[in-house]
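Chain order of the listed sequences is A and B.
The opening position of the first sequence corresponds to residue 1 in our numbering, with each subsequent residue numbered one higher.
The opening position of the second sequence corresponds to residue 1 in our numbering, with each subsequent residue numbered one higher.
One thing to keep in mind: the hints can contain errors.
Straight line, CA to CA, 16 angstroms or less: simulated EDC-like cross-link-like pairs of lysine to aspartate or glutamate [as the list claims (entries may be wrong)]:
(1) A:K151 <-> B:E82
(2) B:K76 <-> A:E49
(3) A:K152 <-> B:E82
(4) A:K151 <-> B:D13
(5) A:K35 <-> B:D13
(6) B:K76 <-> A:D215
Pulled a few chain B residues facing chain A out of the computed Cβ check, cut under 10 angstroms [claimed, not checked]:
(7) V10
(8) A11
(9) H39
(10) T55
(11) G58
(12) F69
(13) S78
(14) V83
Between beta-carbon pairs, the in silico distance windows are [as the list claims (entries may be wrong)]:
(15) A:E72 <-> B:H39: 39 to 45 angstroms
(16) B:Q40 <-> A:Q70: 45 to 51 angstroms
(17) A:K163 <-> B:G34: 54 to 60 angstroms
Rather than coming from a laboratory, the hints here were simulated on the basis of the structure.
Don't be surprised by glycine CBs; every beta carbon is placed ideally from N, CA and C.
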Amino acid sequence: MGAQLRVYKRRIRSVTATKKITKAMEMIAASRVVKAQRKVAASTPYATELTRAVTAVGTGSNTKHPLTTQAETVTRSAVLLLTSDRGLAGAFNSNAIKAAEQLTARLEAEGQQVDTYIVGRRGVAHYNFRERKIADQWTGFTDEPTYADAKKVAAPLIEAIEKDTADGGVDELHIVYTEFVSMMTQQALDARLLPLSLEEVAQEKPQGEILPLYDFEPSAEDVLDALLPRYVESRIYNALLQSAASKHAATRRAMKSATDNAGELINTLSRLANAARQAEITQEISEIVGGSAALSDATAGSDK
Amino acid sequence: MAAELHVALVAADREVWSGQATLVVARTTSGDIGVMPGHQPLLGVLESGPVTIRTSEGGTVVVAVHGGFISFADNKLSLLAEVAELADEIDVQRVERELERAKAEGDAAAERRADVRLRTVSAR
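I would like the entire structure built from these sequences, with the hints used as guidance.
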């Protein structure tokens, strides 16, 4: 076999192996998207009920709470960025990181200090490589986040927002995550979690629904005290789940196009290999023909 | 209208139980509270403890609830809990082991959780 043909054969073999791997990864990601979506759906009743309860307290009483009052001048904000632990998900992580950077730039332009909190190894690596300060980081659960993970993430954030700004606390909490719109569309977006504006929450409820006058047990303040941290946790949990679902969908898409590209590459390489084989055969034939012609010419000459 | 109320018991990551009931007894921070159909709208903070639901079929469902909220309006009662387990889901032997370990390690939170589970099972 000629050298050229051997090179092509080897490349086809290696691309075929790669294609098998990406195909497997695509299928794994596809099954994980479904699982992650189911988890998002399972967490919805809790989130809905919690939102209802927060709305009820917000509209049914004039309670003031540090988590719902807007600071007059915002000096420091916290940004929570949700990325994934693993890559191979197309632009998933870079989109989220870009959204976080835009938000940070915007907040800094307003004269605020920004503390960055990161979930996921990818985001941590990105910030560490650029030697930027990370206030806190969590890794290892982005594929399948549990409620306990969300609590772990929320705890220092709630603590920071309850602290006075002068002692290193923050006035606002923003979250950057990837919203799972559909299997094909995922969108990195930022949202302000705290301080919570109760009017905004109230708008989320279905129009025309009149909330009853609740009797608070033990008191509206205590209920709000207990309710708001849970609300934040549930929002972070939801964001983590959406982020996980988006990551799997992005992986699936990236791996699908990798598989398609590998197939195309194999086709091109097979054609080139066929051409090379044909060229080799042609050359061999012409060598034989040429050789025998030369031989017969030589014998014809000696006859004379 | 028949005297029953709709109960939805949801944990953070799943819906634990839902159905019709005639009476729900839960423990709030200011004491035990029983909710029957037609109760006035209520929103309260739950203590860790067993919640008893008397279903309209006459059965009783007991659930271990670890912190959360109770809200009642329009004959719909929702119990929100971070963690909630039906009494049937609780493995008594495992919980007893957990309780012993928690006592040995002096882990008050784990001890309380195990205690709530055991009380739930015995209330069944």
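To see whether the hints hold, each was checked on the structure:
1. A:K151 <-> B:E82: holds (10 angstroms)
2. B:K76 <-> A:E49: Holds. K76 (chain B) to E49 (chain A) sits at ~11 angstroms (cutoff 16 angstroms).
3. A:K152 <-> B:E82: holds (13 angstroms)
4. A:K151 <-> B:D13: Given pair K151 (chain A), D13 (chain B) holds - Cα atoms ~13 angstroms apart, limit 16 angstroms.
5. A:K35 <-> B:D13: holds (13 angstroms)
6. B:K76 <-> A:D215: Distance of about 15 angstroms is within 16 angstroms: holds.
7. V10: Holds: closest Cβ of chain A sits about 4 angstroms from V10 (chain B), inside 10 angstroms.
8. A11: holds (7 angstroms)
9. H39: Because about 9 angstroms separates H39 (chain B) from the closest Cβ in chain A, which is inside the 10 angstroms limit, the hint holds.
10. T55: violated (19 angstroms)
11. G58: violated (26 angstroms)
12. F69: holds (6 angstroms)
13. S78: holds (5 angstroms)
14. V83: holds (8 angstroms)
15. A:E72 <-> B:H39: 39 to 45 angstroms: holds (42 angstroms)
16. B:Q40 <-> A:Q70: 45 to 51 angstroms: Roughly 33 angstroms apart at Cβ, these two residues miss the hinted range, so it is violated.
17. A:K163 <-> B:G34: 54 to 60 angstroms: Cβ of K163 (chain A) to Cβ of G34 (chain B): about 40 angstroms, so the range 54 to 60 angstroms is violated.
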